[in-house]
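Start from the sequences and build out the full structure, keeping to the hints where you can.
For reference, the chains in residue letters:
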Amino acid sequence: MSKPEAASNGMNRRKFLGAGAATAAGLSVAPGISLISVAEAKPVDQTISSDQRWGMLIDTNKCAKGCSACVDACNDENGLNTGDEQRSRQEQKAQWIRKVDLRDKLTGHEVSLPLMCQHCENPPCVDVCPTGASFKREDNVVLVDKHICIGCRYCMMACPYKARSFIHEELTNQLEYSPRGKGTVESCTLCVHRIDEDTANPRDPACAEACNAEGHKAMIFGDLKDANSDVSKALKQHSSKAIREDLGLNPGIRYRGI
Amino acid sequence: MKKVNYLEIEGRSGGFLALLGVLGVILLAGLVGMYHMEHNGHYVTGMDNQIVWGMPHVFAVFLIVAASGALNVASIGTVFGKAMYKPLGRLSSLLAIALLAGGLMVLVLDLGRPDRLVVAMTYYNFKSIFAWNIILYNGFFAIVVVYLWMMMQQSMNKYYKAAGFFAFFWRLILTTGTGSIFGFLVARQAYDAAIMAPMFIIMSFAFGLAIFLLVLMLGYRWTERPLGDEMVRKLKNLLGVFVAAVMYFVLVYHLTNLYATEHHGVEKFILAGESEHTTIFWFMQILVGGVAPLAILYSKLGASRMWIGIASILVILGGLAQMYVIIIGGQAYPLDIFPGMEIINSSFADGNSYHAYTPSLAETLLGISGFAVALLIVTLGVRVLRFMPDSLSDKDVDPHHKG
Ligand code: SF4
Ligand code: SF4
Ligand code: SF4
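Here the protein sequences come in this chain order: A and B. Okay, so the first sequence: first residue is 1 according to my numbering, each after it adds one. Okay, so the second sequence: first residue is 1 according to my numbering, each after it adds one.
Just so you know, the hints here were simulated from the structure itself, not pulled from any lab data.
Here are the simulated BS3-like pairs of lysine-lysine, each with C-alpha atoms no more than 25 Å apart in a straight line:
hint: 1; chain 1: A; residue 1: K62; chain 2: A; residue 2: K217
hint: 2; chain 1: A; residue 1: K136; chain 2: B; residue 2: K127
hint: 3; chain 1: A; residue 1: K225; chain 2: A; residue 2: K241
hint: 4; chain 1: A; residue 1: K241; chain 2: A; residue 2: K105
hint: 5; chain 1: B; residue 1: K161; chain 2: B; residue 2: K3
hint: 6; chain 1: A; residue 1: K105; chain 2: B; residue 2: K268
hint: 7; chain 1: A; residue 1: K146; chain 2: B; residue 2: K127
hint: 8; chain 1: B; residue 1: K3; chain 2: B; residue 2: K395
hint: 9; chain 1: A; residue 1: K65; chain 2: A; residue 2: K105
Quick caveat: nothing in here was measured; it's all calculated off a predicted structure.
Here is the structure:
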């Protein structure tokens, strides 16, 4: 597989371009704070801090109808297309990110956009989860701890974006950093394994990276709490919206042009 | 009133063994279905990423709701001091525990990872209404067992009233909790109604009493013990009131939803849509589960025990239909993720007019087996312990009876 190479190239490029910002972000992570957050955030042993909040701005004007580079990249990155989910029907197969084409009922204006877990600040999936398997890290990445998920699917009922999938059959080909298991629920991790490689200046998530590689550049990833990050600057410059803003969940994924 | 004499049933007859056999076979079929699902994964079921709760939830929630209602008869005797209902308290409590056990079994066996039951019992997220329900269910078992013990143990009799009160309030909270499982799903239009919790309480009264009446009439008939007409008449009138109350709540629920413009879509989908849910709602829930039993109970037919039995069965079928429409219908109606927008294309079925669901045999059998478990517990319970008075004839239970 050529994927890891492509991935590390991405990292180098970003590191190179954002060296200044990286140092600034790195300094802002106070060691004490990160230790506390580690205890809270269970599985990861890195400097995860509430000084950071990872998110994305998706520009639907740049997103091309019919393009599914982000979806394919996510499936590759997280092992969703290892050929395992053969017996599940189409409606049973896991989808962490999907393309949705919309038409405004009044104006007829059409947009195309990728939809995945919105990494809500007030995530209903976390509120309803009986065991605490659904949890939100200090840096607001919302994850499922596959070891304590009992597969009750209450989080799927609660998520307003239908961002989650249930695994309907035994899976064998697994990626080490993306464990998946029959009978548990999963969703977009915001490519947390990439974030945790280097919390000071993480690589783009696979979907955004692929979008850039296609030349659409519709997805900008970064730290929403860092005023100098690309995503913060873009958010400041243009108006944007959260999907179902009325629910007050304050998602970390924002959209332009909807 | 003569002192009530509770007696185990003999349980040596062919009929008793046949009953155990039939229930055992149903349970076995359910367990085979469960094994099939859990061994292969849920891909063998009709459930998918759109309809995530299927037939097992329909049965499980029905049984759990009915469990709380089955305790009603005991409460009327203890909490409201109606002497006539007191001799029924033990059977009512036993049925309540049994129904809850049946419902929970189905709920647990439908989990993606039923083997992690221990996790569910040890990791609690106290923000989750689901976690609270686990505590409420466990508490219900404990309280009803204590209540039963105080009823059955002569020396503890003086405390049983207090225990009865406690059980009464606990089960009201429990049913509210069960109803709130749906109330917390803010984004789901079908469940976005404050009336959900009280509606569940009324539903529990009707479903629980219907099952209780059936068990009572069949139990006394098969054991050839006397059961007074007056008692049956009172209980069937009560059932009529509860069924009418459920229908009233259903009416208010839909009227309030029709009042709010954003709920028009889901209302139209249920009340006048093209899916099976419209048929199930009007035909099964309203006609079979509401109008028909009311007609039977309040007409001349209501004097016949066979017809009261039929009415009770109809209430149970209607109740299952109601659960189906609430649980499956609520999921079948697509989420409004992009208000004001029309979805032209999505790989995740976002643009469907509704999500179809075809239950598999395995998941349906698992659901039905919840009933078998409950009835097995009752049958074995009355066999080994003194739950059933040897006579419930009117003159034995009511001092004022002029028969
Ligand atoms: S989008 Fe859904 S799954 Fe993701 S955090 Fe929000 S509620 Fe949870
Ligand atoms: S399916 Fe798993 S993650 Fe979702 S609510 Fe249940 S236990 Fe939590
Ligand atoms: S952030 Fe990663 S996990 Fe989430 S949709 Fe993009 S590629 Fe998939």
